[in-house]
Amino acid sequence: MGEFDFSVWQPSLPFIRDGLLFTLRLTLVAMTGGIVIGTLLALARLSPIAPLSRLAGAYVDLMRSIPLVLVILWFFLVIPFITGSPVGAETSAIITFTAFEAAFYCEIMRSGIQSVPRGQVHAAHALGLGQAQTMIHVILPQAMRNMLPVLLTQTIVLFQDTSLVYAIGAKDMLKAADVVGKNYNRPVEMIVLSALIYFAICFSLSLAVKQLQNRVAIIR
Amino acid sequence: MNYHWNFGIFFEPVKSGDETYLDWLITGLGWTLAVSLTAWFLALAIGIGIGALRTTPSRVLVLLANAWVELFRNIPLLVQMFLWFFVVPEFLPRDWSLWVKQDMPAKEFVTAALCLGLFTSSRVAEQVRAGVGSLPRGQRDASLALGFTLPQAYRHVILPQALRIVIPPLTSEFMNVFKNSSVAFAIGVLELTFQARQMQEDSEQGIETYLAVTLLYFICAFAANRGMAWIEARSRVPGLIARTS
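Chains as they are written, first to last, in the working numbering: chain A, 1 to 220; chain B, 1 to 245.
If we strip away everything but chain A, and leave its shape as in the complex, we get (with noise of 0.2 angstroms):
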């Protein structure tokens, strides 16, 4: 056994909240795009338009089957030939994520879209409402809802994946907990306690989710 001294984890505190506070805003920031450009996604793959239905299809395969350690790395490349000058690691990481997560919402969104029952539509139409308003005001409301649990599960793995960005070295929360361990001598610790911290958050939120998901029953 070595010897282990877990006091380095009180003044390693603060580092660590900034840390988290940069993982969360990453989540936050990449759920929300991802879901919105996601949808449009979704919508592109199911339109009766086929060029565009293959380019969403194209892109979602292509995200799905790269590592995603592979695309924080391309990206972090790529992002400086467009924009024209380097940017910092933690809006790459930004960028990065709500393009990839986009691809995995998108097959969540779409599989939504096809559980709604096609009388749906029909009723829509029906009452007067256009292709739009149908899928505004009628479709995408209940695919929403009957895949709420599915939208949020992804969004933890999300959260976990964030610590991928130690790739390029954006100061997450791994990152806080790396460089306070160098710094006090103390890895073994503070690997210890983000392996904890990460834990603790997945855990209670999945948890959550099982109680949503008896809540939330799909509307048929």
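Please note that a few of the clues may not be correct.
As the list claims (entries may be wrong) - Here are the simulated lysine to aspartate or glutamate pairs, EDC-like style, with alpha carbons at most 20 angstroms apart: (1) Lys171(A) / Asp61(A); (2) Lys179(B) / Asp61(A); (3) Lys210(A) / Glu90(B); (4) Lys210(A) / Asp95(B); (5) Lys171(A) / Glu107(A); (6) Lys101(B) / Glu90(B); (7) Lys107(B) / Glu90(B); (8) Lys182(A) / Asp5(A); (9) Lys182(A) / Glu90(B); (10) Lys182(A) / Asp18(A); (11) Lys182(A) / Asp61(A); (12) Lys179(B) / Glu108(B); (13) Lys15(B) / Glu208(B); (14) Lys179(B) / Glu107(A); (15) Lys175(A) / Glu90(A); (16) Lys101(B) / Glu3(A); (17) Lys175(A) / Asp61(A); (18) Lys107(B) / Asp95(B).
Read the hints as simulated data drawn from the structure, not as lab findings.
Starting from the structure of chain A, add chain B where the hints point.
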């Protein structure tokens, strides 16, 4: 910004040493395959066991197996890599700890394969549990009525059917293993992502590097998909599961 394309870069020698960049990528592919395949077999062996335990009548076993799954599902893979690499050796008895830190051969590889294997086992367990749950109750009841013990019922009746049912979801887990193996770069396994970062820094031809590595990951995922499809076709029970793919 201007970018100087140079697709010949792969055949040029690296800055220090007499290897070419292609050699680096081939080494990387080798380690990626080694980590992924070792982890996958570990994940199958443990995941099937844990998944089966979660469907037994014993509440204690179910609780333990559920705890296993929750533990590995709620900590990021990267943090798990660090836990196995830096933290676990500290908790071993002194002699073992020293051996692991100083003498263990291919330490990075063993740690990464073990970590990824256990991480994936929780996902396999989830699928296996669902597969066993989807079998009609009568299968279990009938085998017990025929005089099988519970382990025998699992061995000869329940698992052979459940495993065939879960091959499609397991296929996507198998493809995930290759993707997740990229996280092993963080503890210094010389796999594809590690080599990509190294080659980008050394050659300054980032786009060509990442294109090549992306292509190699694609090939791995595709091969995994075809391999599982082959197994799926071979293991199909005639008349039981009518799937066409």
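Results for each hint:
1. Lys171(A) / Asp61(A): violated, 29 angstroms
2. Lys179(B) / Asp61(A): Holds: Lys179(B) and Asp61(A) sit about 14 angstroms apart, inside 20 angstroms.
3. Lys210(A) / Glu90(B): violated, 36 angstroms
4. Lys210(A) / Asp95(B): Violated, at about 44 angstroms.
5. Lys171(A) / Glu107(A): violated, 30 angstroms
6. Lys101(B) / Glu90(B): OK: Lys101(B) and Glu90(B) at ~9 angstroms, within 20 angstroms.
7. Lys107(B) / Glu90(B): holds, 15 angstroms
8. Lys182(A) / Asp5(A): Given pair Lys182(A), Asp5(A) holds - Cα atoms ~14 angstroms apart, limit 20 angstroms.
9. Lys182(A) / Glu90(B): holds, 17 angstroms
10. Lys182(A) / Asp18(A): Cα-Cα ~17 angstroms, so holds.
11. Lys182(A) / Asp61(A): Violated, at about 39 angstroms.
12. Lys179(B) / Glu108(B): holds, 18 angstroms
13. Lys15(B) / Glu208(B): holds, 17 angstroms
14. Lys179(B) / Glu107(A): holds, 19 angstroms
15. Lys175(A) / Glu90(A): Roughly 12 angstroms between the alpha carbons, so the hint for Lys175(A) and Glu90(A) holds.
16. Lys101(B) / Glu3(A): holds, 15 angstroms
17. Lys175(A) / Asp61(A): violated, 30 angstroms
18. Lys107(B) / Asp95(B): holds, 16 angstroms
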